[in-house]
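When you get a sec, could you build the whole thing from the sequences and use the hints?
So the protein lines, in turn, are chains A, B and C.
This note's numbering applies: residue 1 is where the first sequence begins, and numbers increase by one.
This note's numbering applies: residue 1001 is where the second sequence begins, and numbers increase by one.
This note's numbering applies: residue 2001 is where the third sequence begins, and numbers increase by one.
Calculated from the structure, these hints are not laboratory results.
Backbone N, C-alpha and C define an ideal beta-carbon position, used for all residues, glycine too.
Hints should not be assumed to be uniformly reliable.
[As the list claims (entries may be wrong)] Computed beta-carbon distance windows for the label pairs:
| # | chain 1 | residue 1 | chain 2 | residue 2 | range |
| --- | --- | --- | --- | --- | --- |
| 1 | B | Lys1474 | C | Ala2157 | 39 to 45 Å |
| 2 | C | Ala2043 | A | Asn170 | 47 to 53 Å |
| 3 | B | Ala1164 | C | Lys2111 | 41 to 47 Å |
| 4 | B | Arg1465 | A | Asp458 | 34 to 40 Å |
| 5 | C | Arg2217 | B | Lys1473 | 51 to 57 Å |
| 6 | A | Lys137 | C | Ala2043 | 30 to 36 Å |
| 7 | C | Glu2214 | B | Arg1249 | 43 to 49 Å |
| 8 | A | Lys282 | C | Arg2217 | 48 to 54 Å |
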Amino acid sequence: MLVPIAPVGASDLRNMLIHPDRLFPAESSTRAIARRLYESVRALPIVSPHGHTQAAWFAANEPFPDAAQLFVTPDHYVTRMLYSQGVPLEVLGIGQAKVRDPRKIWHIFAKHYYLFRGTPTRLWLDFAFQELFELDKLLSGETADLYFDTIGEKLGASEFRPRALYERFNLEVLATTDSPLDSLSDHQAIRNSNWKAQILPTFRPDPVVDPDFEGFRENVRKLGELTGEDTASWAGYLKALRKTRSRFRAMGCAATDHGHPTARTANLPAVECTEMFQGVVKGNADAEHRELFRAQMLTEMARMSVEDGLVMQIHPGSARNHNRQLYERYGRDVGADIPTPTNYVDGLRALLEQFGNERDLRIILFTLDESTYSRELAPLAGHYPCLLLGPPWWFHDSPEGMKRFRERVTETAGFYNTAGFNDDTRAFLSIPGRHDVARRMDCAFLAKLVAEHRLGEDEALEVARDLTYTLVKKAYRL
Amino acid sequence: MLVPIAPVGASDLRNMLIHPDRLFPAESSTRAIARRLYESVRALPIVSPHGHTQAAWFAANEPFPDAAQLFVTPDHYVTRMLYSQGVPLEVLGIGQAKVRDPRKIWHIFAKHYYLFRGTPTRLWLDFAFQELFELDKLLSGETADLYFDTIGEKLGASEFRPRALYERFNLEVLATTDSPLDSLSDHQAIRNSNWKAQILPTFRPDPVVDPDFEGFRENVRKLGELTGEDTASWAGYLKALRKTRSRFRAMGCAATDHGHPTARTANLPAVECTEMFQGVVKGNADAEHRELFRAQMLTEMARMSVEDGLVMQIHPGSARNHNRQLYERYGRDVGADIPTPTNYVDGLRALLEQFGNERDLRIILFTLDESTYSRELAPLAGHYPCLLLGPPWWFHDSPEGMKRFRERVTETAGFYNTAGFNDDTRAFLSIPGRHDVARRMDCAFLAKLVAEHRLGEDEALEVARDLTYTLVKKAYRL
Amino acid sequence: MLVPIAPVGASDLRNMLIHPDRLFPAESSTRAIARRLYESVRALPIVSPHGHTQAAWFAANEPFPDAAQLFVTPDHYVTRMLYSQGVPLEVLGIGQAKVRDPRKIWHIFAKHYYLFRGTPTRLWLDFAFQELFELDKLLSGETADLYFDTIGEKLGASEFRPRALYERFNLEVLATTDSPLDSLSDHQAIRNSNWKAQILPTFRPDPVVDPDFEGFRENVRKLGELTGEDTASWAGYLKALRKTRSRFRAMGCAATDHGHPTARTANLPAVECTEMFQGVVKGNADAEHRELFRAQMLTEMARMSVEDGLVMQIHPGSARNHNRQLYERYGRDVGADIPTPTNYVDGLRALLEQFGNERDLRIILFTLDESTYSRELAPLAGHYPCLLLGPPWWFHDSPEGMKRFRERVTETAGFYNTAGFNDDTRAFLSIPGRHDVARRMDCAFLAKLVAEHRLGEDEALEVARDLTYTLVKKAYRL
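Structural data, given as structure tokens:
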């Protein structure tokens, strides 16, 4: 089982990429408290209720390819930073004219590794390099080959296959994110095998509820085919969604996920919904109309969640594909998503007026706009029974981001209106490192409260466990 | 006199809910400075220029009821948090079908006290439990009866009557908040008694200047009756307001308070005001029209403040009664107010263009939108002679909230464009605890400046006194 | 050469305005790291690529006048604070009826010096007072004459002339900010002299591209005269701008600077531009039209930067002359500029769609809206190759402001998408003090990363040098 190493003697620290006291406050009495708190949660199982790993990896259980294809090309944290400093995407293995030699890609990355100083990517990668691949010299142009070869060699070993790593990572639950059009055959294959892991799909309906999603109309048509419902009508469309949710639940799905551009919700009469649906499905709805449809669909999804118990996750506020040239050249995942100001107070009003006081509804809110933490999200979650706050998301999924989240949210919403940690990653090998950062930052925050006599250490021990394990299972009903 | 206990030996700390070093930075040299600064302000009188206690308590001087009615049912910080975690309001003594047994209510609260970990409510309550009621074990299901009985017994004693507590709390001034329709008979009764306390009304005209206030039109009619002015006309309405301000001033009133949804102000010609007034008073004004009327009324209030010297307090940016179901079922105070983004730079422009450079005008600004601290409020208060910044308000009236306020405001507006502390509370027994938190956080902030050689300790001692005592008296002309 | 003093023995510290450890974290191990990092950059040359000093000072090399004219009257940080506390501007030497006795002005300032406690102005001034004028008692009413006389005497000496100070300050580059209508004769005069300093103009086209700039239409006419182009036509106007940029480049200009009210950009067809230009140049464009013109001009400036290599600086988000009464009475520089919420994600879209992926374009973004650091600016700069982030600007050019900048920007954009420090000052004597604050705060930030094992100390030493020296030269192509 891979759990982060426990503190060791100073003599062992010289050749370490990651220090046992990393991320703990420097002040010695606070650090001592942080160590004790962390030690109590260090080896707890990882519950990962939201992420973007592929069920196919675990179904096939093939070895991962080389270092470049594992750590560089698919990781948009990495490719963004390199691109921002003038490295062409082709050199990173992206696009038509892409470089195909993984060692070359890896060298470019290694040479630019200094760009990640002070970023969470550096923390996650160094964790994996040391803890998984037993590397102990900093990645650079000089150590590039050593890294490439060491990683390549290990990836071939059976203990680096996806299922072995799942077990070694001490994962208790791992959720993927899936389109309503996905057959979930990989999930089925995992279930059919003898392997006893909990790998759960998540229902992400954006392709069939967002009129601006690529291929939306075709997707709605396919949804009809898959479900045997008439998705040309509003009623049939809703039935098709209900059926698909039910199919997902049968495969262990615990939650839905909604990546809308804004937090807007609407609650219109059925007549208007019918008419609006006709507009979007025929492709003659204008921008406001399409936004209103998305808004209505959040409320419809909430209604279905009240019925079927799926936990709703709302991830609003990202301007997708901001870089139009890149989007046109390389497609959806390279187009640079940039956060936008997000208004939850007005946006969520329609949904909350209808379902805000439902005890059986659970909605987990995320944000890319940190100004909403203390202004909107903590006051909302500190009042509405259906609301919980998800952990800091994406750009804020970092030590300082986690610190700001706890500092701005806790005093109004407390700890118990938050939903534990999500790693939200497509980089499977970064999962232990990401959870480790979250555990350390939560313990560092709690240690400060204890050191400043705002909380007893006995209580902090309880909270540390809750933030790491209990709350996430409760939030997602796992 | 109740002042927070001074630091004591470590052996006495074991049985304490609140530690003498609470809220001070853990780093030892900084903590030593914070202790010295705090010791210099610990026992200063409390000046409370803005709050929501009831003059009737001091007029009648009856004992407070039991622990549940004192600490749970009326405190929306408490009821919000419990409600957010699924506790029905009825169980907390709210609503038609409410639980009436205070011990039962108290037990529910005690069992959920862990929800308040990391919140200011916990700090305020533990302060009162220990310092006033001499309790020294943490509140929980197990200690619920001990608490309920101890508190109940003490509340019966004469030294726990409102007037005795006022004196024990070392209050020098206590302001209430009052409708223009209030007769102020309780304030008169206090004055008529021999008791020499300074309990002052505050003029809060929202019921008669906000067309969206429940009963607005009827309120304006009553204002006419009370003042003998024709409040069906714009001129008569303004006269009625002037007369009422004068009546308040005669009772010691120092300030007005304005709880508008936005910071918008307007400065329209009299003809337009007349017309607009007719619209709102006849109830046929639309939303924009009603907002414009409120905007105009802020400027009218400023004009009257220039004349009569009442200090203006503007508290904008709260979306009142966001939870419509609760509002409809339980009324105005349970409906969940949620902060909204607030724009002061454009909003206040009309008022400031007219009166911004008046040396006799004093306007104290509050916010629920912390993103405005460094962007708008500090630059405005660091320029306009009439503007001061009120302390962190409501959701931000907390250790981290106070820290953010000083960190974001001081470098642009300095200390001397701020207005000291407001406890803003309806929970009379929390007043010493709230002021204690503010004094500690200000001293902690100053101690950091001293430890980092950004300010001399002799100067910090002066500033600590100013923030605690001098500036609030100056700001409110007390 | 004036470089900040190195740490000295405790016995020497008693009579010091500024402490050798100022701004370093109090925690001893972190402070020790900060000292080592700072020591490595303390004496590096100052590169000042953006500011508001006058080339004329260096052309003429006359002595600076008295303390009041040097430190009080022209410094809007100083006059704002005093004005906010009721000091009339006339008393500070501003306006028709101004006080003309500099000693009187100085006394007023000295008496109010306590207002600057906790502000960066205090840090900058104390630095100059001690390091340049060898004063060691705090400025106050009592020490006012001592200060006035000491400063006055020294200013007369040859080593306090502008050129001597430039050398003593260890300046390597100093950029001024200049109108396209400026002849740059002072820059020419400096070049013509034997003095080997790098004093460079910056192209600030606001007077001829912002229709709301005072005298805009007349300015455009003059631009035509100066360049021999027909600035009554869109094509001629663009040619005139190109020619002027070329004239600036010939004088060493490295960058342009754009002080627009918003970050809005546009990219309209030539036909629409022609029409829009006719509207603004004839003075019959409405507010939206004028804003759209500014938006288009940012894109035009970007186009020209792609051609000629001038680095673009965009400084948006200031509501200029907010205090209309003061503006009307005292003019443009006294009218109080207040930051406004700024949207970069939508605002810059048109420009970035056209030029965002140009490797030869460099755009440095500044903000007065700190909520955009983590939400918009870091994600944008962490993706687009043409974007870099400028240092904290104006109200945020302060220890806490710098801390927030690094904390919110680094995790997404890294260090290498930032552009080093700008002092942005018109107060020449504050330059060393301002750079010293920036160096200390960057080292304090890095020391924390090292102490928390988020970065190796060897790497931090490299980053410290990069932030102080390397990145600014690279960003501005110096």
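So, going through the hints one by one against the coordinates:
Look at B/Lys1474 against C/Ala2157: about 43 Å separates their beta carbons, and that is inside 39 to 45 Å. Taken as a hint, the range 47 to 53 Å holds for the pair C/Ala2043 and A/Asn170, whose Cβ atoms sit roughly 51 Å apart. Between B/Ala1164 and C/Lys2111, the C-beta spacing of about 45 Å keeps the proposed range 41 to 47 Å intact. Between B/Arg1465 and A/Asp458, the C-beta spacing of about 37 Å keeps the proposed range 34 to 40 Å intact.
For the pair C/Arg2217 and B/Lys1473, the supplied restraint of 51 to 57 Å holds, since their beta-carbon distance comes to about 53 Å. At about 32 Å, the CB distance of A/Lys137 to C/Ala2043 agrees with the hint of 30 to 36 Å. For C/Glu2214 paired with B/Arg1249, a C-beta distance near 45 Å keeps the hint of 43 to 49 Å intact. Restraint check, A/Lys282 to C/Arg2217: a C-beta distance of roughly 50 Å satisfies the suggested window 48 to 54 Å.
Checked against the numbered hints above, the structure breaks none of them.
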